[in-house]
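Construct the complete structure from the given sequences, taking the supplied hints into account.
Note that our numbering gives residue 72 to position 72 of the sequence shown, counting from 1, and the numbers run on in steps of one.
Any given hint might turn out to be false.
[Claimed, not checked] For lysine-lysine, the following BS3-like pairs were computed, each having C-alpha atoms within a straight-line distance of at most 25 Å:
| hint | residue 1 | residue 2 |
| --- | --- | --- |
| 1 | K94 | K22 |
| 2 | K60 | K94 |
| 3 | K209 | K94 |
| 4 | K160 | K60 |
| 5 | K209 | K129 |
[To be verified] If you anchor each label on the Cβ, the simulated ranges turn out as follows:
| hint | residue 1 | residue 2 | range |
| --- | --- | --- | --- |
| 6 | F288 | Y118 | 37 to 43 Å |
| 7 | P126 | W214 | 35 to 41 Å |
| 8 | S63 | E125 | 18 to 24 Å |
| 9 | R203 | S63 | 46 to 52 Å |
Hint data in this document are derived by calculation from the structure and do not stem from the laboratory. Note that beta-carbon positions come from the ideal geometry of N, C-alpha and C, so glycine has one too.
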Amino acid sequence: MTLARSWGDYDETVPLPTGRVKRGSPDHLLLMSRTLLDTHDPYRPALIDWPQLDEETRDKIVSLPIWDIAVATEGRAGMNVKTFAEGVHDPLLKAAVEMNGFEEARHKLVLSDMVQAYGIELAPEPDYKRPADPEYAFMRTGYSECIDSFFGFGLFRVAKDSGFFPPELVDTFEPVMREEGRHILFFVNWVAWWRRNMPIWRRPWFELKVIAVWLYLIWERIDMAKGMGKDNSRAQENNFTLNGSKELGVEISFPELARICLAENDRRLAPYDARLIRPRFVPGMICFVLRFMKRPKAGEVG
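Below you can see the structure in the form of structure tokens.
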């Protein structure tokens, strides 16, 4: 399976704005869209040379309970973003959202190629249906990625530093991690821009959608954490998010992992224009929780 590069034409010669950029302004739209478009990495999943792994390393990676849900999540994300792009009228924004959808679908191909290369058995994939409300689906994907990427950045760093992922595999997945950072940066700026440009009559409905998305995501994660979902792989994947360092063979406390996630989140978003809004809700909530958790004393295990 191959992916067609389908995003629209846009004028790459238009200079980016200088000086202060007002939230919701045409300059804001230009900056957030061009940042995503101009930093696109044209790698092709079919050309990825998956590194040979020794048997012990391969067995550890195969045993991670995340691959089924990861492939399905990227498949749904690609469909959600692609469908939303169809209703976007501004040419530049449409091109950016179309590229976002292309990259989400490419993540699925990367994961699919990886599981095939290492002989990981997956459950049958679900059908990826077009969402009835494309805007709500786009928002659900975006806010979900803001949560998952925050913890994913930290766990990826733990896997790298602990040697759980060999350097060759870290290098192979690094483009995907960079793209996740670009996607959440674009999404939170789209939310801010759209809030200031939508018709007034739409604003209450939009805010209700935001609340509905967060309630859904919170319920989904509580449900998965308790193992109450019908799909046990969802519960396993969520437990990996909560206890991922143990799955990676590293004993690390939640406060220590949280601080790694905060640092990695800042590091991965630092290269992009400082005038763009950064995701704040998840890092803010983690910082709030950490205020009530004591740091371990010298000599104590975190």
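Verification of the hints:
1. K94 / K22: Holds, at roughly 21 Å.
2. K60 / K94: violated (41 Å)
3. K209 / K94: holds (21 Å)
4. K160 / K60: holds (14 Å)
5. K209 / K129: holds (20 Å)
6. F288 / Y118: 37 to 43 Å: Hint holds: Cβ distance 39 Å, inside 37 to 43 Å.
7. P126 / W214: 35 to 41 Å: violated (24 Å)
8. S63 / E125: 18 to 24 Å: At 21 Å between Cβs, range holds.
9. R203 / S63: 46 to 52 Å: Between R203 and S63, where Cβ atoms are some 47 Å apart, the hint holds.
Violated hints, in rising order: 2 and 7; the structure is consistent with all others.
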